[in-house]
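**Student:** Listed below, chain by chain, are the residues.
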Amino acid sequence: MNNNNNHASKRHILSMLVDNQPGVLSRVAGFFAGRGFNIDSLCVSATTDPLVSRITLVADGDMGILEQIKKQLNKLINVIKVMDFTDTDHVQRETALVKVRAKPENRAEILRMTDIFRSRVVDVGTEYYTLEVTGDEGKINAFLKLLNPMGIKEVARTGAVALAREKK
Amino acid sequence: MHIKLKGSQIIIEILREEGVDAIFGYPGGAVIDIYDQLAKSELRHITTRHEQAAVHAADGYARASGKVGVCLVTSGPGATNTVSGIASAYMDSIPVVVLTGQVPTGLIGNDAFQEVDIVGITRPCTKHNYLVKRVEDLGRTLKEAFHIARSGRPGPVLVDIPKDVMQATTLYRPIKEVQLKSYRPTYEPNAKQLPKVLELIEEARKPVVFAGGGVILSKGAKELTAFARKIKAPVTSSLMGLGAFPASDPLWLGMIGMHGTYRANMASSQCDLMIAVGVRFDDRVTGRVDAFAPHARIVHIDIDPTSIRKNIQVSVPIVGDCRITLHKLNSLLAKEDQGDLGDLRAPWLKQIEAWKATKPLKYGQKEAIKPQFVVEKLWELTKGRAIVTTEVGQNQMWAAQYYHFDHPNHFITSGGLGCMGFGLPAAIGAQIASPGKLVVDVAGDGSIQMNIQEMATLMQYKLPVKVVILNNGYLGMVRQWQQLFYDGCYACTQLIESPDFIKLAEAYGAVGLRATKPEEVEKTLEEGLASSKAVIMDFAVEREECVYPMVPSGKPITEMLLV
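Chains as they are written, first to last, in my numbering: chain A, 1 to 168; chain H, 1 to 563.
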């Protein structure tokens, strides 16, 4: 009858619509920090309505606690809507910029990989190429894994953005 | 009519529009402009002697009056001094608006003199907060602050106002209504849930009504009392709910929880239906969560959806205002014929009587004054009608156990945060809200020293608050835990050098009285209560008295340590 928290840990992707105002992001992020939840990634920008921003957030943790978090996020004055895409059909993408060591003997392989993953070379230097890749998390991770043996200098990832799929 | 006003004038204008009649605060460089305007207005300002006291006073004012409490402090240290008070108001859901001065907008982030990021510091302990960057936004922001503070589940709202914003001018347009797209509390309960409650009531043989602070905040004590009497269900409450149901009613079980009465804890654990109204199932109440009300189906009525199913799973959750929901339930009950519940309830009520008879609240008194005796005598002599504020710890628990409240808004205590130093300033606020009424602060020798400087505030504004100190020379509640769970190692809990409280009272110009023997208690109280001035009554009580019953941390509430 009483408390039966589901303690399974799971990664969740939350999408929130919030008032586009200073401090809102701090409030939302502070929420997770205050409960010992780590935010794996966070992406925020304005929507077509300049007064409204969308925050897409990926966090890892106890499912029972996450239910509470969603309710409490809704309680925040500046939060308009909270959607949990974890168990629903959604489209998810992120972009990564990768600076990979381009030794002469590896260049051909790098370019082949770039082609296979439909990514692009956006900067060329004597020692390093910067590649841009877009896709879901799995694709980005695979790309990085394959490039790793060649020597990755730096990676900048945007974190996930997502929208729900339409009912067909 | 549109007129050009300075930011500081807009603040006064809005306070006027919101019907504020008292502001509690402490001046400083960043807020001189506001104080200048205040002096030219008819608004009343109570200058405390510490900013923490100013917030507690605004809090006590709000709890006693049912209105929004207002507090005004300066930037930097003035603002940081309010954090404890704000956190206490946040935990207990009290509507308070705290205005803090801030350095000019150009200096923000520059480590300027008396600058702190108070918005950042209070983000987790305010219902909401604002930094006003333009004078054009000031009016709307203040209106929103009041709206947010008092609506839905109330709470403290902080508005940080830079000095140049106060000095700038703008065309002032009075704002009629506040509309926040992202904040729409639910007051009306879902009509489909209500009949389910009636069904459960009909099936129940051992119901209990559990009332909390939410009933008092929604001004629903009358509806709750009618409801419980109609369905003939015994009533218990949390610390925050004391006064929501009259303690003199035969259905009253006493407080529930860690220091609740035996019969309240037993009844809650054996009931088959618990109707919880305006509560949040805090750990002080539930004890071991998976052993709480194990046989009961639970109806949970609360205005805050996040309180529902946070700690305890419930059968019928109802999001809505307590008073409105109870009123609707009462209307539905009036249409139904419940039959004669007297016979149906008899066995349950008889069992409860047996619990009360065999294990009542009790203490024995010989040579030393027992603190419980002081509170009981206080209750008798004030006929249970005083407004009682408390400090925190043993004094707080004895006040809750031995002073029996028949009306809401009369028991004012820092429940959720348990902030020592709350009682005296809260009494100031309560007295301002209730001129002519008797206000008593029940304190310990430890707690009273945390905001003792407020004796000066009492004297300045001629507030005849009575302070009852249960003086045992210890940090009582911590000492109790050390006695029971740490082999009696009283580490740093002995308050050896306390002042002579009589001399201290007289130093402030107040009356000081003392009792050291049981036979002196009644006459000391009588003399103190009859005085027209502020009084400190120092009762030298039994040093190592413990609060019983006590449910040790992590145990089910049925496992109480008794006297």
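Keep in mind the hints are simulated off the structure, nothing from the lab.
Heads up, the beta-carbon is just placed ideally off N, CA and C, and yes, glycines get one too.
You may find that some hints are simply not true.
Said to hold, decoys possible - Heads up, incomplete: computed chain A residues facing chain H, CB under 8 Å, no partners named: (1) Asp19; (2) Asn20; (3) Gly23; (4) Ser26; (5) Gly30; (6) Gly34; (7) Arg35; (8) Lys71; (9) Gln72; (10) Ile77; (11) Asn78; (12) Val79; (13) Ile80; (14) Arg107.
**Student:** Each hint: holds or not?
**Tutor:** Hint-by-hint comparison with the structure:
The interface hint given for Asp19 of chain A holds, since its Cβ lies 6 Å from the closest Cβ of chain H, which is under the 8 Å cut-off. Interface hint at Asn20 of chain A: violated, since its Cβ lies 11 Å from the closest Cβ of chain H, which is beyond the 8 Å cut-off. Taking 8 Å as the C-beta cut-off, the interface hint given for Gly23 of chain A holds, the closest approach to chain H being about 7 Å. At its closest, the beta carbon of Ser26 of chain A sits 7 Å from a beta carbon of chain H; the interface hint therefore holds under the 8 Å criterion.
For Gly30 of chain A, the suggested interface contact is upheld, since its CB lies about 6 Å from the closest CB of chain H, less than 8 Å. Satisfaction of the interface hint for Gly34 of chain A is found here, the shortest Cβ-Cβ separation to chain H being roughly 6 Å, below the 8 Å cut-off. Restraint check, Arg35 of chain A versus chain H: the minimum CB separation of about 11 Å is more than 8 Å; hint violated. The interface hint given for Lys71 of chain A holds, since its Cβ lies 4 Å from the closest Cβ of chain H, which is under the 8 Å cut-off.
Interface hint status for Gln72 of chain A: upheld, as the beta-carbon distance to the closest one in chain H is roughly 5 Å, under 8 Å. A cut of 8 Å between beta carbons decides the hint on Ile77 of chain A: the least distance to chain H is about 4 Å, and the hint holds. Among the interface hints, the one on Asn78 of chain A holds; its C-beta lies about 6 Å from the nearest C-beta in chain H, closer than the 8 Å criterion. For Val79 of chain A, the shortest C-beta to C-beta distance to chain H is roughly 6 Å, which falls under 8 Å, so the interface hint holds.
The interface hint given for Ile80 of chain A holds, since its Cβ lies 4 Å from the closest Cβ of chain H, which is under the 8 Å cut-off. Given hint, Arg107 of chain A at the interface with chain H, is violated; its Cβ is 47 Å from that chain's nearest Cβ, farther than 8 Å.
Violated hints for the displayed structure, listed by number in ascending order: 2, 7 and 14.
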